[in-house]
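Student: In the order they appear, the protein sequences are chains U and D.
In terms of our numbering, the first sequence is residues 931 to 999.
In terms of our numbering, the second sequence is residues 30 to 725.
Derived by calculation from the structure, the hints in this document are not laboratory data.
Note that beta-carbon positions come from the ideal geometry of N, C-alpha and C, so glycine has one too.
Fair warning: there could be bad hints in the mix.
As the list claims (entries may be wrong) - Chain D regions said to be covered by chain U (calculated; three or more residues, Cβ under 8 Å):
#, segment
1, 125 to 133
2, 307 to 320
3, 512 to 526
4, 642 to 651
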Amino acid sequence: MNRVGSAIKIMFSWSQTIFSRVREWCGDAAYERYLRSNARRQSGNRALSAKEFYAEQIDRRYSQPNRCC
Amino acid sequence: MKRVLGTLVWTAVAVAGAGALGAIALHRGEPLNATWFVVASVCCYFVAYRFYSAFIAARVLVLDDTRATPAERHEDGRDFVPTNKWVLFGHHFAAIAGPGPLIGPTLAAQFGYLPGTLWLIAGAALAGCVQDFVILFCSIRRDGRTLGGMAREEVSARGGLIAQVAVLAIMVILLAVVALVIVNALKASPWGTFTLAMTIPIALLVGVYLRFLRPGRVLEASLLGVALVMFAVVAGQWVAASPTWARAFTFSGVSLAFVIIAYGFAAAVLPVWLLLAPRDYLSAFIKTGAILSLAAGILLVRPQVLMPPLTRFIDGSGPVFAGKIFPFCFITIACGAISGFHSLISSGTTPKMILREGQSRLIGYGAMLLESFVGVMAMVAACAMPPGVYFAINSPAGVVGGTPEAAAATISSWGYSLDAQTMARLAHAVGEQTLLNRAGGAPSLAVGMAQIFSNTIGGERLLSIWYHFAIMFEALFILTVLDAGTRVGRFMVQELGGRIWKPLGRRAWTPGIVMASALIVGAWGYFLYQGVVDPLGGINSLWPLFGIANQLLAAVAMVVATTILLKMKRFRWMWTTLLPMALLVAVTMTASYQKIFDANPNLGFLSKARQLQGLVAAGQIPASKLAETQRLIFNQRLDAVVTAVLAVMILMLLVEALMQWYAILSGQREAELHEAPYVATRWATGFSPGVAHGDD
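Only chain U is shown next, with the shape it has when bound in the complex (with noise of 0.2 Å):
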């Protein structure tokens, strides 16, 4: 029973992992990149709004070549 309740808990926490790197990648988890990162918070500026970072990232990403042929 241990034997299946760990193999349980690796799997749930592989399914963690991966869901979270899928966040990563698709930018899901940008925003909160953005409120957990050191530099911002060490800055004491007023962070931005979910809405002003999303409008903010976007229009930087797509300000240069960001998809290849």
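Here the structure of chain U is known, so what remains is to put chain D in place on it, guided by the hints.
Tutor: Below, chain D alone, put in the same frame as chain U:
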């Protein structure tokens, strides 16, 4: 013991790879199974990654994991963001993998499967991956500087300007050629046109959801969008079956070209959150899913490759595009082997997000190997259909004739048997009115993919759904390239134009936005229109032009890389970038010369113009076609001028670099590197961004 085991395993991988490559190269007679392609490419990639990339990392670049990367030194949570290496690998791969590695190999299949496959594998391992890896490293050492910035600092101011002009030239030609691929795939196809048209309101819906309803929740919004797109693919068959709706979504090539030009203008002018970003999210998910499914499908189905290793068109008389294997195979397959455009990504966002210098090997070299594998999969998909069908789909009407009977007779006379009924049956099976004369690579790749997918799931019954899924997948990310490229092109025009007239340089000034967008859309729109009305299909002229422009940028990247290696005093290892650079220069210069001056009117722009001029002078052109012919003559001359300008830029850059190298080697000039100063990392070995920021 471990060492002996390692040696044995790597020897086995190398022998398996060499054996499979030998089978591909020497096999004649019966069709070859696609498994050989998978074994050959994967074994070669493993060996290249394990040994060649390790050699470059350790000896040539001397990567230093104790050195803080830009992501650590400038971390701001916006641009400079420390990112897990596998997440960044996914980011980088999604950015470099566009339609190129799918379309290029499909077009190059006209030479047979062998030249393209060998170039894909060898070109990636020895040139493309090296370019991406070295440029990524150089950019990391320079705080994430762009290729243009590095060219300006390390080579010369003129080198930077050449890089900037090359990027703009590539943008214009790239956007025209990918738009032409869409036009050729969707003309007279109500199902495909409806599906792609539906992606616009779906993207708008996702855009509004992400901006106002659930800001930044990309995963849920994209999944919703992907589900709607899939429904649109299925619903397309009902549209095609309804006479009224089918008529509404049936367009000629010229009409489609104008629709796409208008769409490109709207995408460049509209706010980025409304259309561009949501389409990119949808495209990234569908692209990743479709590429993985194609690889899995090929492994499961293991189709027979029906195309011969070499076709009769290695003599340069190909119907898809004219020209011999050298240089045109190397021009046609750029992405998948080596693509200059990748150097913009390697010196764009990726260097600002990498945790350690050591990870640039996996991300720079490894992601390009994966892209090369995508190219090999596309080659297999294209070559798995009977050669007669392949040539019927990809040859323009001006070469094989516009009717099924004429096409079947011409193609059969080349030795690739085809009857008119085969094409009619295939078109009916995939839900199209016709598959003839669809130059551009997308429809033939879609047929190949649909056959592989339907052999895995659904059989013949789902062939039409899979075909339109594949068309939607290709068209969706081509439109993403179109949207993003037009917007970036707009910024470049504003930046260059702002030097002449300041207000144009202001990014938020509406008249400036409209003018710059109109200029960039007008430029690629002109080439698109020219391709659509070209009796030889347009791809024949535009794809080589795009290949030359792309390889020009790769040459710029290799010049920058070689100059930096020279300044780092790595004289012994300069051949790692110098040899690919020499190949690129030889390829682009030969291709440029042949495209401009070759006496064969199907190949040389000027001889084609002379031929048409001769017909006009001899009164052999009817009065109703006179204006059109004059326009064709002008277009051929314009293409010759564009090619010449690109070739001259390569020569100028080379002279610039050679002078710089001579001055350094002869001691006339001090080798001044513009690296950021060394700062030791504060991150412990095994640092993970998630752990450091307390979210685990």
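Student: Does the segment 512 to 526 of chain D contain three or more residues whose Cβ lies closer than 8 Å to a Cβ of chain U?
Tutor: holds (count 5)
Student: Can you tell me if the segment 125 to 133 of chain D counts as covered by chain U, using C-beta to C-beta distances under 8 Å and a minimum of three residues?
Tutor: holds (count 5)
Student: Holds or violated: the segment 307 to 320 of chain D covered by chain U, criterion of 3 or more residues with Cβ-Cβ distance under 8 Å?
Tutor: Contact hint for the segment 307 to 320 of chain D vs chain U: holds, 4 residues under 8 Å.
Student: Under 8 Å between beta-carbons, do enough residues of the segment 642 to 651 of chain D, three at least, approach chain U for the coverage claim to hold?
Tutor: Since three or more residues must qualify, the claim that chain U covers the segment 642 to 651 of chain D is violated, with 0 doing so at under 8 Å.
In this structure, only the earlier hint numbered 4 is contradicted, and the remaining ones agree with it.
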